[in-house]
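K.L.:
So you can see what is in the structure, the chains are spelled out below.
Protein chains: 2
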Amino acid sequence: MERLPGFRDFYPEPLPTKDAWSADARIHLFDRWRTTARRYGFREYDGPPLEPLELYTAKSGEEIVGQLYNFTDKGDRSVAMRPEMTPTLARMVAAHQRNYPKPIKWFSIPQLFRYERQQKGRLREHFQLNADVFGETDPGIDAELIALLIDVLRSVGLTSDDFVVRLSSRNAWQEFHAARGGKPETAYAFFQVIDKIERESEDESAKKLSALGFALDDVRAFIQAAEPTNELASILSNLTSRGLGDYVKIDYNVIRGLAYYTGPVFEAFDRKYNFRAIAGGGRYDNLVKLISGGKTDLPALGFGMGDVVLMELLRECGRLPAFTSGVEVYCLIEDESLRGASLGWIQQLRHAGWAVEYSAVASKPDKQFKRAMDLKAAWVTQIHREDANLVRLREVSTKLEQNLPRAEALSRLKASRTHDSSTP
Amino acid sequence: MERLPGFRDFYPEPLPTKDAWSADARIHLFDRWRTTARRYGFREYDGPPLEPLELYTAKSGEEIVGQLYNFTDKGDRSVAMRPEMTPTLARMVAAHQRNYPKPIKWFSIPQLFRYERQQKGRLREHFQLNADVFGETDPGIDAELIALLIDVLRSVGLTSDDFVVRLSSRNAWQEFHAARGGKPETAYAFFQVIDKIERESEDESAKKLSALGFALDDVRAFIQAAEPTNELASILSNLTSRGLGDYVKIDYNVIRGLAYYTGPVFEAFDRKYNFRAIAGGGRYDNLVKLISGGKTDLPALGFGMGDVVLMELLRECGRLPAFTSGVEVYCLIEDESLRGASLGWIQQLRHAGWAVEYSAVASKPDKQFKRAMDLKAAWVTQIHREDANLVRLREVSTKLEQNLPRAEALSRLKASRTHDSSTP
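Chains as they are written, first to last, in numbering that gives the first Met the number 0: chain U, 0 to 423; chain C, 0 to 423.
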């Protein structure tokens, strides 16, 4: 009985095989994502993993269906496992935005799905940090969102030597397009050519541009100049004030594929460009209106950061911590006559917040001690044979051992935690 | 554009409508689930939300399909959105159990799905804490699992006045069945009658029992006596040693519906029996063998606890905390000439671990201060007009205000956090 192709199992470390996915690394990543988003004042939300198919076709047209994990449910509804979070979020915000002061700053960590027939071996699900802001047009909020993106990557140990945010704008390309006589109805086709310009051959790009009335050299020169628009200059200056100037550069090669972007857009890449984009996002000021059928009109912006590329990068850079069992205290039960008192002591330790392991069955003390070492417990404790209120407490790192009344042992443990604490 | 029937959106508080689901309450619940499971030495894992249909029919037969959210995918595979986690877990453990010392103690918080045509308005998804143990037959480990269940409920503020774990055993009923001449092949049909005995009419139960060769009075007397078997007495004594005796009682009305249970089984209920079961579980010593096609044979036990009933109970008992924005420090920007320095100060605060909010656009100071109060920020800070290294720091609760160099302000904040800290 195998799992479906393109889906992942997440195992606790040490991993059973070299290519297994680590549940511990995922917990670590999600924890950093959450912690950093909260420092930026973002609130967490979630929506259904299954949505009406129409939520996606309304925005992206019928051609999107070929990439969706969609089906007809038992109630004869056309449904799809969510390929992205933004339409769900736009629906939720459109329905209840009046309840929240602006700007609305929200994040989520959804699992997303796709089904492409042709690509064997490719994943059909991944997790993505989504951070979005609604109700603010000032570029200062674009800068706030990009600062969050940068700090999320810094929080997992990456530096400006490891990654860069390439900043661009649909508005800059819009102006380029209009200034050269492009008609509004060809703008999106033009954007699509720009979006592929790094991946397609020169000849192909030149041909497509020419068909739309543009010259490749002209486009190249515009990208080469990398002249920030006022809006982008304002974002850069804001990020520089935060000390984050080294993490971002103007790069008009970036324009983003999705139809709904309207203003500044950006993508984060590893500096060596060995991987696909780590994250991408931008403004989408018209989407809430579209999703709500015109009932709600709110400017919006956001980004998505997947777990797969980021995890590959962290592994390559060696920035993942060593994961252990999480067990802090091992309670050794010297013989079965002490089991009852030991269980009471274990309960006290856990109640005080400690992660405690012990042998649930009779076992030789040296075997138990070995297990404590395998679990990398920082402390080993056991009930005193003559007095159940006395416990022996051994700090594994120093090999120091003391016999203490239970209450004092708890204080001793607590003091060690306060001392070690790295929280601000 | 509406969401699908039976699915939930989770909004940040304050909630937009009375019946909206709270993302904050969900985060709170998951956090307590995780924290408590880790204290018991359980490690987190996860598997795919979509599995081959066969994973469920192999164990429960074709009749289960009527309740599943199943469909045929684009690759012509019969698949189902997972209705429970145990088969996925059994598959994962069977594949790689050799990698992990026993007992394997794992937990997960999957979203689970079902599709029942007939019940309108009923939820089609929920989240469930799943905690399972593999590789140990001693009742001491059953007690460890039940202790975890009890402490998980205690961790969200429930007491022995609020809930009770009803403890029973398939073995006790197996013996009852065999002692009265029941043949092995009728045992499961007999268990099914017991499972429904509290919900069905006396006549109905009596008729069904009689058809299998049993008398309702005999069954009733057995339940009434509530005489613990040796195995259950051992579990009770273990829990009593932990000080958890008040949370559990023998109740042979409980037998659990699923076919795969083999030994002790249990369900947690609110004391007033106003709700469905809060949690349920037990031993399933044969499932790993079944799922692995006989390749791996491991004793196992586990429980599941859903978010929906528990949340209803917590709301009724008033045990949910008041949720706020999470913003700790609000940075006031007195005028736009101070924005650059303020952004630098905000970055320092966030880097030091503080959740900071500010106005991304020019805004009157009194409006900003009102926003800080709405967010329930504990601190308000601003850059000094004459010296960007000086900041004003106001503690909202005491209204005390100080002008301090940035580094000292950070120390002052840190001292307040260490002082407030309730971690052990």
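Among the hints, a few may not be true.
The list cannot tell twin chains apart, which means a pair is met if one copy fits it or any two copies do.
[Unchecked claim] Within a straight-line C-alpha distance of at most 35 Å, the following computed DSBU-like cross-link-like pairs (lysine-lysine) qualify:
#1 207 to 73
#2 207 to 101
#3 101 to 363
#4 413 to 398
#5 294 to 182
Since the hints were made in silico from the structure, they are not lab data. Keep in mind that this is a model prediction, so the values were computed, not measured.
K.L.:
Each hint should be assessed against the structure and marked as holding or not.
P.N.:
Right, here's what the structure says about each hint:
Proximity of residue 207 to residue 73 under the C-alpha cut-off of 35 Å is restricted to the inter-copy arrangement: shortest distance 33 Å between copies versus 45 Å within a copy. For the homomeric pair residue 207 and residue 101, neither the shortest alpha-carbon distance inside one copy (42 Å) nor that between copies (62 Å) is at most 35 Å. In this assembly of identical chains, the alpha carbons of residue 101 and residue 363 lie at most 35 Å apart only when taken from different copies (15 Å versus 63 Å within one copy). For a Cα distance limit of 35 Å, the shortest separation of residue 413 from residue 398 qualifies both inside one copy, at 18 Å, and across copies, at 32 Å.
Proximity of residue 294 to residue 182 under the C-alpha cut-off of 35 Å is restricted to the intra-copy arrangement: shortest distance 28 Å within a copy versus 67 Å between copies.
When the structure is compared with the earlier hints, a violation turns up for hint 2 alone.
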